[in-house]
Amino acid sequence: MSNYRDPKVTTTENKSSMGKMIGIALAVILGLIVLAWALGTFDEEPETVPVVTEEPATTTGTPPATTGTTTVPAN
Numbered sequence: 749m750s751n752y753r754d755p756k757v758t759t760t761e762n763k764s765s766m767g768k769m770i771g772i773a774l775a776v777i778l779g780l781i782v783l784a785w786a787l788g789t790f791d792e793e794p795e796t797v798p799v800v801t802e803e804p805a806t807t808t809g810t811p812p813a814t815t816g817t818t819t820v821p822a823n
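For the sequence shown, the working numbering assigns the number 749 to the initial residue and increments by one for each residue that follows.
There's no promise every hint is true.
[As the list claims (entries may be wrong)] Beta-carbon label-pair distances, calculated as ranges: (1) GLY771 x PRO794: 33 to 43 angstroms; (2) THR806 x LEU780: 48 to 58 angstroms; (3) PRO804 x LEU774: 55 to 65 angstroms; (4) GLU792 x SER765: 35 to 45 angstroms; (5) LYS768 x GLY788: 26 to 36 angstroms; (6) ASP791 x MET769: 39 to 49 angstroms; (7) LYS768 x THR789: 23 to 33 angstroms; (8) LEU778 x VAL799: 48 to 58 angstroms; (9) GLU803 x ALA775: 42 to 52 angstroms; (10) SER765 x LEU787: 46 to 56 angstroms.
Just so you know, these hints were derived from the structure itself, not from any lab.
C-beta atoms are modelled at their ideal positions from N, C-alpha and C, and glycine is treated no differently.
Model the full structure from these sequences, guided by the hints.
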């Protein structure tokens with residue numbers, strides 16, 4: 749039997765590996781997303797910030813007695 753395949757027309761190897769490169773890139777991106785999810789990057793809980801509230805000032809007892817005269821400091 750003779751070999752009827754023309755080597756100029758039929759090739760057994762890929763000349764372009766663009767599909768393979770796209771597949772590898774997608775696999776890397778998917779791997780990074782899964783890793784970020786596993787480490788907790790996509791948690792839905794907002795960060796809790798402590799809030800300090802001050803009590804309003806209250807006066808207890810009687811106010812200081814006023815004498816009706818005011819003193820002005822001398823310059």
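Evaluated hints:
{"no.": "1", "hint": "GLY771 x PRO794: 33 to 43 angstroms", "in the structure": "holds (37 angstroms)"}
{"no.": "2", "hint": "THR806 x LEU780: 48 to 58 angstroms", "in the structure": "holds (57 angstroms)"}
{"no.": "3", "hint": "PRO804 x LEU774: 55 to 65 angstroms", "in the structure": "holds (60 angstroms)"}
{"no.": "4", "hint": "GLU792 x SER765: 35 to 45 angstroms", "in the structure": "holds (40 angstroms)"}
{"no.": "5", "hint": "LYS768 x GLY788: 26 to 36 angstroms", "in the structure": "holds (33 angstroms)"}
{"no.": "6", "hint": "ASP791 x MET769: 39 to 49 angstroms", "in the structure": "violated (33 angstroms)"}
{"no.": "7", "hint": "LYS768 x THR789: 23 to 33 angstroms", "in the structure": "holds (29 angstroms)"}
{"no.": "8", "hint": "LEU778 x VAL799: 48 to 58 angstroms", "in the structure": "violated (40 angstroms)"}
{"no.": "9", "hint": "GLU803 x ALA775: 42 to 52 angstroms", "in the structure": "violated (58 angstroms)"}
{"no.": "10", "hint": "SER765 x LEU787: 46 to 56 angstroms", "in the structure": "violated (32 angstroms)"}
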